[in-house]
Amino acid sequence: MRRYIVRRLASLAVVLWGVSILAFALGSLAPGDPARLLMERTLGHQATDEEVAGMRQELGLDRPAVEQYVSWAGGAVRGDLGTSWSNRNDQVSDLLLERLPRTVMLAVTAMLTAVIVAVPLGVAAARRRNSVTDHASRVAALLGASVPGFFVAYLLMFVFGVRLRLLPIFGFDSPQHLVLPSITLALGSAAILTRLTRSSLLEVLGEDYIRVGRAMGLRSRAVLFRHGLRNAVIPILTVIGLSFGHLLAGAVIVEWIFNWPGLGKLALDGIHARDYPLIQGFVLFTGTVFVLMNLAIDLAYVWADPRVRFQGQGA
Amino acid sequence: MTDIQLIGSPMAPEAEEVVPALVGAERVLQPLARRGVFRRLMRDWTARIGFVLVVLLVLAAVLAPLLAPHEPLALDGGSFESPSWSHPFGTDRLGRDLFSRILFGARLSLGTAFFASLLITFAAVFVGSVTGFLGGAVDSVVMRVVDTILAFPSLLLAIVVAGLFKPSLWSLMLALASVWWVGYARIVRGLVLAVRERQFVTAARVAGGRSSRILIRHILPNVLPPVIVLATLEMGTLILAISALSFLGLGAQPPTPEWGAMLNEGKNHFFSAPHLMLFPGLAISAAVLGFNLLGDGLRDVLDPKS
Amino acid sequence: MRQTTSQAQPTVTVDASTAGRPLLEVRDLRTEYRSPSGIVRAVDGVSFTINPGEVLAVVGESGCGKTATALSILGLIPRHAGQVVGGQVLFEGEDLLSVRAERLRQIRGDRIAMIFQEPTLDPVRRIGDQISEVLRAHRALSHHDAWNQAVEFLGLVGIPRAAERARDYPHQFSGGMRQRALIAMAVALRPDLLIADEPTTALDVTIQAQILELLLEVRRSLGMAILLITHDLGIVAGFAERVMVMYGGRKVEEAPVRSLYRQPKHPYTWGLLGCTTRLDGNRRDRLPQITGAPPSLISPPTGCRFAPRCPHAQELCRASYPALLEVGDRHRAACHFAEGEEWGSS
Chain A
1 MRRYIVRRLA SLAVVLWGVS ILAFALGSLA PGDPARLLME RTLGHQATDE
51 EVAGMRQELG LDRPAVEQYV SWAGGAVRGD LGTSWSNRND QVSDLLLERL
101 PRTVMLAVTA MLTAVIVAVP LGVAAARRRN SVTDHASRVA ALLGASVPGF
151 FVAYLLMFVF GVRLRLLPIF GFDSPQHLVL PSITLALGSA AILTRLTRSS
201 LLEVLGEDYI RVGRAMGLRS RAVLFRHGLR NAVIPILTVI GLSFGHLLAG
251 AVIVEWIFNW PGLGKLALDG IHARDYPLIQ GFVLFTGTVF VLMNLAIDLA
301 YVWADPRVRF QGQGA
Chain B
1001 MTDIQLIGSP MAPEAEEVVP ALVGAERVLQ PLARRGVFRR LMRDWTARIG
1051 FVLVVLLVLA AVLAPLLAPH EPLALDGGSF ESPSWSHPFG TDRLGRDLFS
1101 RILFGARLSL GTAFFASLLI TFAAVFVGSV TGFLGGAVDS VVMRVVDTIL
1151 AFPSLLLAIV VAGLFKPSLW SLMLALASVW WVGYARIVRG LVLAVRERQF
1201 VTAARVAGGR SSRILIRHIL PNVLPPVIVL ATLEMGTLIL AISALSFLGL
1251 GAQPPTPEWG AMLNEGKNHF FSAPHLMLFP GLAISAAVLG FNLLGDGLRD
1301 VLDPKS
Chain C
2001 MRQTTSQAQP TVTVDASTAG RPLLEVRDLR TEYRSPSGIV RAVDGVSFTI
2051 NPGEVLAVVG ESGCGKTATA LSILGLIPRH AGQVVGGQVL FEGEDLLSVR
2101 AERLRQIRGD RIAMIFQEPT LDPVRRIGDQ ISEVLRAHRA LSHHDAWNQA
2151 VEFLGLVGIP RAAERARDYP HQFSGGMRQR ALIAMAVALR PDLLIADEPT
2201 TALDVTIQAQ ILELLLEVRR SLGMAILLIT HDLGIVAGFA ERVMVMYGGR
2251 KVEEAPVRSL YRQPKHPYTW GLLGCTTRLD GNRRDRLPQI TGAPPSLISP
2301 PTGCRFAPRC PHAQELCRAS YPALLEVGDR HRAACHFAEG EEWGSS
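Protein chains in written order, with my numbering: chain A, 1 to 315; chain B, 1001 to 1306; chain C, 2001 to 2346.
Isolated chain A (complex conformation) (with noise of 0.2 Å):
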């Protein structure tokens, strides 16, 4: 267990540094020239070369590369991830901590509709398979899967925000506001959640051992949940897991649909303002969260499964 845990730490801190590579590379091999852009977006107008030299200078992209991912690197393990270009010159580390709450309120919110959407029906599915339940939670899943997000949102703004006048549809300013976004973002999940409930409650049921505890007289209700579901939760956390990584992407397109002023929606607006500093901050963040994240995926295998737990314990 703890080789295995060391094992885990020492593989996170190599990914975390191909993380960073990776952020790092991303601003500095994107073509054009950095430095011009920028002097001319504060000038307005063309620059001269002497201007670009200077601002080149200022930014330090005359030194060599690796110098360069040296310093960055260096601010980034301090929390400083440099000055954004746009965003009234702003510290990258500032706008992504102001806007991380929003985009995690967005994306728990759908977390939770689509496991409460999805787990019950991937159960009733398993439970009656082949029945009408079972048929109309795969069309839902199969729809669910395949309607792109981002035309689901229209379809639900000009449902409830422009004929039924139920909810708003732009914007931040009240609950009521999440309702539309967290929506949209939960289907995707919902739908391949509802699979997977499905599948792996209906391999666990052919266990033997379920039908041990049918044989011992238990309730249906209690093999169900206590000894299916509980043992079909260690995929379904899997799947959770890797979710809320698919989420955090979503999320990047529905905030900008929903003017949502998340993380997704400061990135996107970095993207398409050529803000390389904000988007290698972006990437830098997202990518150790992600990684965290799988490593929290792991922590909850071991929670959930004593097989693993006693491992190496010479059972």
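Hints are computed from structural coordinates only; laboratory data are not their basis.
Any given hint could turn out to be false.
Stated by the list, open to error - Chain B stretches covered by chain A per the calculated footprint, using a threshold of three residues with CB under 8 Å from any CB of chain A:
id, stretch
1, 1116-1124
2, 1156-1168
3, 1237-1246
4, 1269-1278
5, 1288-1298
Quick caveat, the model's predicted, so the values are computed rather than measured.
Cβ coordinates follow ideal geometry from the N, Cα and C atoms, glycine included.
Following the hints, position chains B and C against chain A.
Relative to the frame of chain A, chains B and C by itself:
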């Protein structure tokens, strides 16, 4: 449902050690040659619907010039006309016929997805088989790169990469390929490692065969079929990603009749002319649904467990 | 009959009113499974009885319907896989096929318990908890009391340091120990009937004898009837009192153990006996005397189902199914020539 094979075994939770997708790939390897795959595929009603959707889509793409009542770029109607006999899906702001644009859009969506997956497969097979075959330092360095890219959700990274370039369908395709190849490469590497240990490869080595020859003659033929199947299964995901990026303005640009770009154009007139979004949205949905249904059915048929 | 007063009373009490009446009577049981190629008639009109405290062995090749019979008795055929389509399962006069689901649940585990070939328990829960859970599903017991009883029974089935090992998870037990734990779970409520479906097949040869011995021991102290399902006539001799041989979803012979071994009447039984000389033989071995494969139960042969493989088959055998006839004292066989010839003497 497409992520099921991502699930590792609970006994070995370490992502680096579990190559679960490989299991799926190996499962499809042997029975691929089995006869009657298509017939068995058509037994499932969902796969049948998927097949019909995909065939319609391919027909639309191929026959677009014959089927389209108007030129996709011609301004030959009034602005924002609602659907009518002469314009079945209505017209956009500039009076272009939406139905014709969607037909031509099928070419762009399918074509981009097809070339992207070709690119992905090629890169993955090259990198995966070379690293898997050579092993050593090259292998571990490349695999760390793969791990790093896999740490991100593919779509997120593709958005960032596409954003670095001047937006076009080409840069979009390159951005997708630059991110998507890694998962496949890992699978290819796993397959190569598995095949490398098999007897006939060892025999060829003992007989003094050259490495490149062994790779091409013995290993690739075993690695390609599952990768091609996987690429086919992922067609729906790629189409979705292409339209997403175009919708965000990072891919096809107006006036290109790409579906995602059409949605992007339409969203500015969403309240006054919702049909501008409805039809491209439905087209994307139908395409993705078709490939997903077909892919799911194929996965079931090729899975010997069923 | 049902022991409600004292949990610890180890002897069988046979009520005067139920004396002489069979504990379980299965009448003309028919069970069908669905398969991609058609309906499988897994159990095709099987009848038998078990008396209180008796040990009946059901013997046959895999696919002969013996497990399906056991699962049908307890209503454990998965709904999507198949169903019981006819017959009666009378447990102390109560038809288990027509009782309400809740009543059937109460009977399972408490009055009739079952152990299976694979000794599997829920991997994520402690063994003691799993046994307590069964106890608490049938008796109003506190957590604490249920746990203590679970430990007691784990000790009874020969788990050393039972109080400690009850806290273990299944993966910390060996296969043999898991089967012991499952036996503890099955007998913890002192059922009247224990169905043991190939309880030793998945275990090491050395463990097999121990488990059988344990079953007999448990039966001696708790006095339940046992329905032992096995493909191995070799383990039946020292274990059961009566034997029922199944073939192709039907009962082909039934007799007291001694009578069956001395004078097997059905050629299939004779074939089975031919391979029982070695206990340590590979259990996956095909029956050496019987060539060919068991019949398809999707479209079974019209006549005797064994005819295609029978070395003595006549025209009559292929034309009509032989009735199950009395051929000796409590000895019955379904063969047209059962009374005429002694297959074993040839």
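Hints, one by one, checked against the model:
no.: 1; hint: 1116-1124; in the structure: violated (count 0)
no.: 2; hint: 1156-1168; in the structure: holds (count 9)
no.: 3; hint: 1237-1246; in the structure: holds (count 3)
no.: 4; hint: 1269-1278; in the structure: holds (count 4)
no.: 5; hint: 1288-1298; in the structure: holds (count 5)
When each numbered hint is compared with the structure, a violation occurs for hint 1 only.
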